[in-house]
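Q: Residue strings, one per chain:
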Amino acid sequence: MKKVLMALVLAIWAVFLLTPKPALTAPEEIRIGLNATMSGAGAQWGIAFDRANRGRIEEINKEGGLMVGGKRYTIKYFRYDNKADPPTSLENAKTLINVDKVNFIFHHASANILPYLPITSEKKIISMDLSVGSKTLGWPYNFNLLPAGTGRAEQAFKSFVKKFGIKKVAEINPDNESGQVTKAEDGMAAKQQGVEILTSLFYTPGTTDFYPILTKSLIAKPEMLVLGVPSPRDVALIVKQARELGWSGPIGGAQCVAPPAVTFAQIAGKAAEGFMWSAPYSTDSNFWTKEEAAWATYWKEHWTDPFIADSFGGCRQIGFLAEAIKKADSLDPDKIVRVLETSNFVILGWKMRFGVTPDCYQGRPRSLVSPLCLKTIKDGKEMVTELILPTGVEKVH
Amino acid sequence: MGLLYAQILVNALVLSLTYILIALGLTLVLSVMDILNFAHGAIYMLGAYIFYTFLMKMDFPYFVSAILAIVVTGFLGVVLEKYVLRRLGTAHLEVLVLTFGLGMVLESLITVIFSGQPLPVTGLFSGVITVFGVTLSLERLSIILVSIVLVGALFFFVTWTKEGRAMRAVTQNRVAAQLQGIDPHRISALCFFIACALAAASGVLTAPIFGIEPTMGLTPLLKGFCAMILGGLGNITGCVMGGFILGFVVSFGSTLIDPTMADMIAFALVLLILIFRPRGIIGHVQK
Chain U
1 MKKVLMALVL AIWAVFLLTP KPALTAPEEI RIGLNATMSG AGAQWGIAFD
51 RANRGRIEEI NKEGGLMVGG KRYTIKYFRY DNKADPPTSL ENAKTLINVD
101 KVNFIFHHAS ANILPYLPIT SEKKIISMDL SVGSKTLGWP YNFNLLPAGT
151 GRAEQAFKSF VKKFGIKKVA EINPDNESGQ VTKAEDGMAA KQQGVEILTS
201 LFYTPGTTDF YPILTKSLIA KPEMLVLGVP SPRDVALIVK QARELGWSGP
251 IGGAQCVAPP AVTFAQIAGK AAEGFMWSAP YSTDSNFWTK EEAAWATYWK
301 EHWTDPFIAD SFGGCRQIGF LAEAIKKADS LDPDKIVRVL ETSNFVILGW
351 KMRFGVTPDC YQGRPRSLVS PLCLKTIKDG KEMVTELILP TGVEKVH
Chain B
1 MGLLYAQILV NALVLSLTYI LIALGLTLVL SVMDILNFAH GAIYMLGAYI
51 FYTFLMKMDF PYFVSAILAI VVTGFLGVVL EKYVLRRLGT AHLEVLVLTF
101 GLGMVLESLI TVIFSGQPLP VTGLFSGVIT VFGVTLSLER LSIILVSIVL
151 VGALFFFVTW TKEGRAMRAV TQNRVAAQLQ GIDPHRISAL CFFIACALAA
201 ASGVLTAPIF GIEPTMGLTP LLKGFCAMIL GGLGNITGCV MGGFILGFVV
251 SFGSTLIDPT MADMIAFALV LLILIFRPRG IIGHVQK
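Listed in order, the protein sequences are those of chains U and B. Note that the first sequence covers residues 1 to 397 in my numbering. Note that the second sequence covers residues 1 to 287 in my numbering.
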């Protein structure tokens with residue numbers, strides 16, 4: 001009898017252990033996690049996204065949260081620094097999923113995302129991705145908010161050819177997943193514009209002395225130095241050191257992001273002048289919508305360091321998700337995905353959508369069709385030289 | 001072609017001297033205290049941040065900020081040695097783990113205080129000089145000149161001063177040195193002060209050129225260890241030689257072969273030394 005009872009207790013306990021538990025979320029809570037680089041050379045991105053996420057979530061919660069299916073949900077936010085290290089990023093993701101029980105994840109940098117996309121896809125956790133590189137696009141629940149890839153590089157090389165009439169360039173990339181993918185994409189984009197990439201070199205992430213790689217790049221006698229996807233700090237150091245080595249030709253970014261103009265000037269001094277690059281947003285207030293201007297004001301009120309345009313990306317992450325949840329009126333991931341794939345959105349005053357057809361240069365599934373700013377540094381300030389609006393994208397406010 | 005090699009040589013010189021300043025601190029601590037200090041990279045980073053605080057936040061003059069950063073970091077090293085490391089005595093494994101953990105703590109502390117963002121540091125010099133077609137920024141020239149002075153000063157100290165001779169005595173035989181009236185604890189404290197000051201000096205020199213960020217100590221620590229292993233553990237002259245070899249391999253390898261291959265070649269060299277000549281190029285066989 002004792003044995004039977006013992007067996008019964010053990011069986012009940014086993015059933016209890018093996019049965020999936022409901023999420024620890026309170027019924028009125030939506031949990032969002034950020035897994036980003038908040039230290040090191042790429043800290044500009046993670047810090048910008050984090051501040052945007054926190055700021056916008058605070059506003060949403062102040063207004064009472066999100067109304068979904070007749071219920072009010074507040075947003076609980078978790079954030080982890082992956083230090084631009086894929087194993088750390090994977091551990092962060094597991095913590096977000098298994099311990100924090102998040103419903104959604106915000107992240108960036110394909111090298112840090114790819115290790116756990118199979119997990120989030122299996123668990124139907126929708127993620128908003130701000131990474132360069134097309135390898136993250138194959139995953140059904142991951143939405144990329146950067147107009148990256150050959151489209152962005154194509155516009156960059158087009159502008160380089162138009163302005164400088166170049167035919168031969170030397171490219172530099174970090175030796176990681178993003179760098180490897182960017183090399184391939186920039187290669188295709190350059191070829192389309194009739195530009196030959198003489199050398200495409202990689203440096204170990206963490207490098208700060210770029211003299212050796214620059215010396216090697218300049219031996220090939222390019223007409224222009226192109227930076228694929230180094231982090232903002234690396235961009236400033238490379239530009240500075242290239243000028244120190246005597247390079248007087250043009251320098252531009254294919255898919256990289258420069259640091260804020262003030263920081264760029266502090267690091268590189270006058271060497272920053274004339275640097276050209278492309279991005280989906282800018283610190284040039286002449287091109288802001290009313291909502292973007294309001295966010296920039298919020299930044300200035302809350303933080304003393306220079307405004308980082310990448311924070312608009314963070315605003316877009318939470319903006320698209322909140323809007324999609326409202327439109328779906330559900331927290332069902334498949335319903336939200338359908339809304340994201342098929343709807344037009346007005347986020348930060350821009351009407352945008354996710355690409356589902358190849359009818360524009362950014363028409364890749366689950367990749368945002370967004371404005372693209374071609375920019376340069378002039379007189380120590382960031383200036384938009386051209387604003388490209390793909391089909392269906394417009395400034396609403 | 002000659003111009004190219006001359007440029008690579010100058011690049012190599014700057015790289016080498018940066019590695020040597022870090023490696024010297026590691027070597028000193030290892031030879032006098034028999035400790036592998038894994039927090040050394042973090043101390044290099046701490047020195048740079050203290051310099052940044054004095055210069056950029058408190059608006060102290062450049063040279064005052066630099067000297068204060070070096071001295072303050074040195075004294076922090078003395079506190080660390082006296083109140084933390086000395087208690088563990090000769091428990092090598094525990095000290096190793098402790099210094100590793102200390103490095104992580106320092107990195108996290110700096111991240112909390114300053115954030116993880118890379119921070120620019122205003123330099124004293126700007127502009128470049130070109131000599132026979134070879135370009136060198138004035139900032140890098142300052143690294144070369146100051147590093148040579150520091151290395152020379154260390155050699156002089158260790159060879160010709162009473163304290164330096166005491167340090168060598170403790171390195172050779174701690175007990176015998178004690179019997180001669182030398183206080184090994186005082187020598188250890190002095191050694192740690194010098195090691196931390198050297199690391200801080202390196203941080204102060206490189207901060208205006210590369211900026212600062214909390215993880216900036218990892219690569220120099222690794223390269224410092226490699227230089228130390230190449231030259232011979234606990235051997236100052238070997239350390240300098242190892243630093244030059246490493247710097248030249250990385251610089252020539254990066255430019256003539258490939259930047260990522262250069263690091264691989266450098267580490268492969270360290271592996272070969274460990275396998276075939278573990279005492280290093282000019283290290284001595286331990287009895």
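There's no promise every hint is true.
As the list claims (entries may be wrong) - Listed below are the simulated DSSO-like cross-link pairs for lysine-lysine, each with C-alpha atoms no more than 30 Å apart in a straight line:
1) B:Lys-57 <-> U:Lys-381
2) U:Lys-124 <-> U:Lys-135
3) U:Lys-300 <-> B:Lys-57
4) B:Lys-57 <-> U:Lys-378
5) B:Lys-57 <-> U:Lys-270
None of these hints come from the bench; they were simulated from the model.
Q: Identify every previously stated hint that the structure contradicts and give their numbers, smallest first.
A: none
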